[in-house]
Amino acid sequence: MSTTVPVQVTVNGQARNVQVEPRQLLVHLLRDQLGLTGTHVGCDTSNCGACTVHVDGQSCKSCTVLAVQVDGAEITTIEGLGQEGNLHPLQEAFWNNHGLQCGYCTPGMIMAAADLLQRNPDPSEDEVRHGLEGNLCRCTGYHNIVKSVLDAAGKLNVTQVGA
Amino acid sequence: MIPAAFDYTVPGSLDEAIDALRDGGEDAKLLAGGHSLVPLMKLRLAAPTLLVDLRRVPGLHGIERQNGSWRIGAMTRHAELQDRHDDLGVVAHAAAGIADQQVRNRGTIGGSLAHGDSASDLPTILLTLEGTVTAMGPDGAREIAAADLFQDYLTTSLDPLEIITEVRMPAMDGWGHGYQKFTRRAEDWAMVGVAAVVRKNDDGTVAEARIGLTNMGSTPLRATAAEEALVGQPLTAEAIAAAAGHAADGTNPPADRNASEDYKRHLACVLTGRALREAAGLA
Chain H
9 MSTTVPVQVT VNGQARNVQV EPRQLLVHLL RDQLGLTGTH VGCDTSNCGA
59 CTVHVDGQSC KSCTVLAVQV DGAEITTIEG LGQEGNLHPL QEAFWNNHGL
109 QCGYCTPGMI MAAADLLQRN PDPSEDEVRH GLEGNLCRCT GYHNIVKSVL
159 DAAGKLNVTQ VGA
Chain V
15 MIPAAFDYTV PGSLDEAIDA LRDGGEDAKL LAGGHSLVPL MKLRLAAPTL
65 LVDLRRVPGL HGIERQNGSW RIGAMTRHAE LQDRHDDLGV VAHAAAGIAD
115 QQVRNRGTIG GSLAHGDSAS DLPTILLTLE GTVTAMGPDG AREIAAADLF
165 QDYLTTSLDP LEIITEVRMP AMDGWGHGYQ KFTRRAEDWA MVGVAAVVRK
215 NDDGTVAEAR IGLTNMGSTP LRATAAEEAL VGQPLTAEAI AAAAGHAADG
265 TNPPADRNAS EDYKRHLACV LTGRALREAA GLA
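Protein chains in written order, with my numbering: chain H, 9 to 171; chain V, 15 to 297.
These are computed hints drawn from the structure, not numbers from a lab. Do not rely on the hints blindly, as some may be mistaken.
[Stated by the list, open to error] A few chain V residues that face chain H, going by a derived Cβ cut-off under 8 Å, partial list only:
no., residue
1, Ile16
2, Val52
3, Arg120
4, Pro268
5, Asp270
Virtual Cβ for every residue (Gly too), placed ideally from N, Cα, C.
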């Protein structure tokens with residue numbers, strides 16, 4: 009049982025061919041096989057959202073997805089959202105608004121927030137709080153996280169209007 | 015936490031999927047979005063020997079209006095239901111409150127219904143709207159009414175070789191609707207949830223009311239005493255309060271670590287009042 013199977017994925021724009029055991033979770037494929045350790049394992053029970061990545065443009069908890077399920081899909085992790093020197097507006101906003109304390113939840117928060125802003129580009133504070141229900145911050149730094157997302161929403165909207 | 019080892023196959027058609035289930039024996043399981051099954055596998059509460067992944071089977075997607083009902087492909091994700099609020103009414107309303115966005119982006123309606131968890135929202139919605147599922151098996155397709163689908167805790171009337179292909183939800187044009195649930199944390203399963211749909215006569219009195227209960231028994235339930243109490247009444251706050259007091263009549267909700275039996279009964283009444291007020295536009 010459980011010989012490895014081939015999986016083809018595009019991760020942060022790069023095509024990757026890997027062999028995985030069917031029981032391999034997506035988060036372990038990303039972290040252990042592809043070395044993308046920006047995606048964190050927090051609770052490992054699909055509660056905390058630290059492992060949030062995008063599959064075909066939509067957020068998911070990569071600790072609750074089997075790697076075999078994303079065969080043929082496009083994955084974006086925090087490393088693919090922006091790079092040092094060319095940060096995504098959400099990454100900039102978390103930096104500028106002190107949207108992180110220990111930083112453990114931050115990659116998941118930002119990936120969840122990116123999905124939220126895709127679904128709702130101009131959210132109210134209440135909508136941001138509800139939109140991030142699937143992400144926990146053990147530092148309880150929610151106030152500045154919400155502030156960061158609202159700040160990024162404003163900047164993204166300005167960019168889109170100007171584009 | 016890593017699931018126990020299993021074999022994996024991705025059939026390209028329903029026939030192949032049914033064959034794979036048959037060949038896999040009693041411990042073969044279907045995989046849709048995996049958001050009920052994979053957590054159980056990680057906890058080793060489920061250890062299937064074979065997963066038959068439905069993601070390449072054609073025809074299991076899409077949301078279309080067909081006569082008086084909505085045909086929803088079994089692999090339709092909760093997020094797709096959530097986004098069709100104007101069309102799907104209480105179905106979209108309940109879907110929008112399932113867990114969190116990440117889970118809604120992966121979980122499917124067929125998977126949720128086949129899992130048959132009475133603490134989940136969509137089984138209650140199917141029962142309340144008196145919808146059906148279509149299941150394909152080795153001998154062809156059959157339609158199963160919601161009331162016949164949910165048999166017991168995590169147990170449905172689906173045959174082990176049957177696959178839900180589509181869900182039919184009556185469109186409920188002109189009905190008011192509400193769904194209310196109470197959770198300890200935003201993304202939790204309902205401690206108790208209540209769906210209410212109401213149709214009024216021209217004179218404003220209630221022609222028909224349907225009230226469904228989440229997590230008040232081993233299957234989703236209808237609050238028939240509260241439904242009956244409302245018929246013929248004007249849809250006022252007073253009439254709603256009187257009917258809501260009967261929401262828990264005849265139920266034996268299982269106590270769990272979140273709520274005692276009495277507390278769940280209390281919640282059922284409170285939430286029925288809220289769901290009915292929402293359905294009546296009084297919320």
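Each hint, compared with the structure:
1. Ile16: This hint holds: Ile16/V lies near chain H, its Cβ roughly 6 Å from the closest one there, short of 8 Å.
2. Val52: Holds, because the Cβ-Cβ distance from Val52/V to chain H comes to roughly 5 Å (cut-off 8 Å).
3. Arg120: holds, 5 Å
4. Pro268: Hint violated; Pro268/V Cβ to chain H Cβ min 22 Å, cut 8 Å.
5. Asp270: The hint is violated - Asp270/V has no Cβ within 8 Å of chain H, the shortest such distance being about 17 Å.
This entry does not satisfy hints 4, 5, going by the numbered hints stated previously.
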